[in-house]
Amino acid sequence: MSRSSARRDLTRRGLLLLPVVAFLTAFFIVPLIQVLMLSISDPDWGVENYTYLFSDSFFLGALGSTFLTALSVTVACLLLGYPLAYVVARSEGSFAASALLLVGLSLWISFLVRTYAWMVILGNRGPVLAAMRALGIEGGELLFTRFASSLGMVHALLPLMVMTLFSVMKKIDPSYERAARGLGATPWAAFCKVFLPLSAPAVINGCTLVFITCLGFYVMPVLLGGPSEQMIAGLIGQQIEELLNFGEAAAMSVVLLAASLTVYAIYSRLFGLDRLWGESR
Amino acid sequence: MTWLKSFAVLIVAFIAAPLFIVLPMSFSNSPSFEFPPPSFGWTYYQAYFNDVRWTEPTLNSLMIGAGTSVLTMLLVVPASFALTRGRFKGRSALNLLMILPLTVPHIVVALGYYYYFGALGLVQTRLGVVLAHTCLSVPVAYLIVSAALKGFDRNLELAAQNLGASPLKSFFLVTFPVLRPGFLAAALFSFVHSFDEAVVAIFISGSATSTLPRKMFDSLRMQADPVISVVSALILVVMTLAVLIPWLMRRRLAAR
Chain R
1 MSRSSARRDL TRRGLLLLPV VAFLTAFFIV PLIQVLMLSI SDPDWGVENY TYLFSDSFFL
61 GALGSTFLTA LSVTVACLLL GYPLAYVVAR SEGSFAASAL LLVGLSLWIS FLVRTYAWMV
121 ILGNRGPVLA AMRALGIEGG ELLFTRFASS LGMVHALLPL MVMTLFSVMK KIDPSYERAA
181 RGLGATPWAA FCKVFLPLSA PAVINGCTLV FITCLGFYVM PVLLGGPSEQ MIAGLIGQQI
241 EELLNFGEAA AMSVVLLAAS LTVYAIYSRL FGLDRLWGES R
Chain C
1 MTWLKSFAVL IVAFIAAPLF IVLPMSFSNS PSFEFPPPSF GWTYYQAYFN DVRWTEPTLN
61 SLMIGAGTSV LTMLLVVPAS FALTRGRFKG RSALNLLMIL PLTVPHIVVA LGYYYYFGAL
121 GLVQTRLGVV LAHTCLSVPV AYLIVSAALK GFDRNLELAA QNLGASPLKS FFLVTFPVLR
181 PGFLAAALFS FVHSFDEAVV AIFISGSATS TLPRKMFDSL RMQADPVISV VSALILVVMT
241 LAVLIPWLMR RRLAAR
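These protein sequence lines map, in sequence, to chains R and C. Just so you know, my numbering puts 242 at position 242 of the first sequence, and the rest follows in order with no gaps. Just so you know, my numbering puts 57 at position 57 of the second sequence, and the rest follows in order with no gaps.
Hints should not be assumed to be uniformly reliable.
Here chain R is said to cover these stretches of chain C; the calculated rule only asks that three of the stretch's residues, wherever they fall, bring their Cβ under 8 Å from a Cβ of chain R [what the hints assert, rightly or not]: (1) 46 to 55; (2) 72 to 80; (3) 104 to 111; (4) 121 to 127; (5) 145 to 158; (6) 173 to 183; (7) 206 to 219.
Calculated lysine to aspartate or glutamate pairs in the EDC-like style (CA-CA distance at most 16 Å, straight line) [unchecked claim]: (8) R:Lys193 <-> R:Asp173; (9) R:Lys193 <-> R:Glu177; (10) R:Lys170 <-> R:Glu92; (11) C:Lys89 <-> R:Asp9; (12) R:Lys171 <-> R:Glu92; (13) C:Lys5 <-> R:Glu92; (14) C:Lys169 <-> C:Glu157; (15) C:Lys150 <-> R:Asp9.
From the derived model, a few chain C residues whose C-beta atoms are all more than 10 Å from chain R [stated by the list, open to error]: (16) Phe40; (17) Pro101; (18) Ala132; (19) Thr134; (20) Val138; (21) Gly164; (22) Ser166; (23) Val192; (24) Ala198; (25) Ile202; (26) Ser232; (27) Leu236.
Hints listed in this document are in silico derivations from the structure and should not be mistaken for laboratory results. As the structure is a computational prediction, the values presented were derived from the model and not from experiment. Ideal Cβ placement from N, Cα and C applies to all residues, glycine included.
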C-alpha cells in the first residue's frame, strides 16, 4: 500500500471514530473522573471519606450483605435457570417455543413493572398472605424485607441467565450424549461427563453477568427491600437525595465500581472480555 | 425427563407471574393494591389518560427514547465500520471504550451526571437525559451492529464498486439494505433501553421533565397511586406486541 493511501485510510478511520470517542469522553469519562475527584475532595482534600467508610461498621455490613445477596441471587438464578434452559434446548415442540418466547419477552419488560407486580403479590392485601391466612399461618410482613428484594432480583435476572445458558446449550450436539450412552454411560453419567462440561462456559458467563448486575442493583432493593437493610446502591442514592453528602456518596461509588471492575478483570484475565456478551446475543 | 419438564413449567410460571397480576389489576376499581381486585372497571384507564402528571412523563420518555435512538445510531454506525474493518493500533483500546458504559453500575453514573450536569445546567432537561442515555446505549448498539457487520460479505460491496458505483452509492444501494435488520434491532434496542432506564433518570430528570420510569418509581415509593397498574399494563401489552408480532411473522414465513 502506498504511503498516501495509508494516510487516507487513517484520516477516514479518524473521521468515523472521532464523534463517538469525543462524545463518550465528554459525557461518560469526564463525569466518572468527577466522581473519583469528588471522593477525595469533598468536603476536604484527602482520603478521609475512605478511612471513614472503612471504619464505619454500618457501611461494612452493607457491603458484606450486598456481596452475600448478589451471591445468593446468582446461585438461585443458576439453580432455576439451568434446568429450564436444558429442557428448552433439548426438547422440540410448542412448550420449548413458547417458554423461549416468554423468557425472551420478559427480558424486555421494565424492572418497574415487575417491581409493581411483586408489590401486589407480596403485599398485605395480596394473594400470598391471603393464602397463608387461609391455611392458618399468621405470618408477618413479606414486603420490605430482604426476602422480597432477593425474590424480585431473582425474577429480574433469571431471563438473562436462561438466555445466556440457552444460547450455548442449543449448540451442543445431542449425538455426543447419545455416543456416551451407546458406550454404556447411564443418562446421568452422560449428562455429568459430556453435557455439563460443554455448558460450563455459559454457566460462568451467566453467573458473572447476574452477579455484577446484582452488585449495583438500585430499583428493586430500594422499593422491595427494608429500609434498614439496604444494599450499596441504595445507600449511595440516600447519600445523594437525602443527605446531600456527595463526598461520601462518591467514595461509596468508587468502592462499588472497583468491586465490579475487579470481577470483570478476573473474567477478562481468565477468558477474555469479548466472550462475555458475545454469546448471549 | 417428565419431572424435569414439570419443574421447567413451574419456572416458566414464575417468570410469567407478573402478566397474570398486572393485567387484572389494571381493571381494578379499588384504590388499594388488593388482589384479586374487589371490583372491575375502566376507572384508572380514564384517570391515566386525563392526568397530565402521567401523560407528560409518557411523552417525555417517548421523545427522550427517540432522541437517544437517533443519536446512538449516528455515533455507533460509523464507529462500527471503522472498528470491524481493518486492524490498526489502538483498536482494542477503542473497543474497550465502546463497551465501558456497560461495565459501570448505573448508580455510579447517576452520581456523576447529577454533579457534572448540575455544573453544565443540564440537570432537569430532556437533552441531559438524552446525552446520558446515549452513553448507556452505545455498548449494546455497538455489539449488535458490529455482529451484523462481521457477517456481511464485503464482496457484494466490491462488486458494486467494480460496476461503477461510488463508495457512498454502494453503501446506500448494497451495504445498508443488507444490514438493515441489524441496524433496526440496534435502534429499537436503544429506544427501549432509554424508555426503561430508571436510575439515571431518577437522579437527573427532575420533576418538570420527569420520565415515565421516574414517575413510576416515585409512585411506587409512595404506594399511593393506583394508576401505576394501568401504566404497567400498557407497557406490558405494547412490549408483548412488539416482541410477538415479528415472532409470528417469522413463524409464518418459516411455515410457508
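**Request:** Against the structure, test the hints numbered earlier, and report the numbers of the ones violated in rising order.
**Result:** Violated hints (numbers, rising): 1, 4, 5, 6, 15, 17, 18, 19, 20, 23, 24, 25, 26 and 27; every other hint is consistent with the structure.
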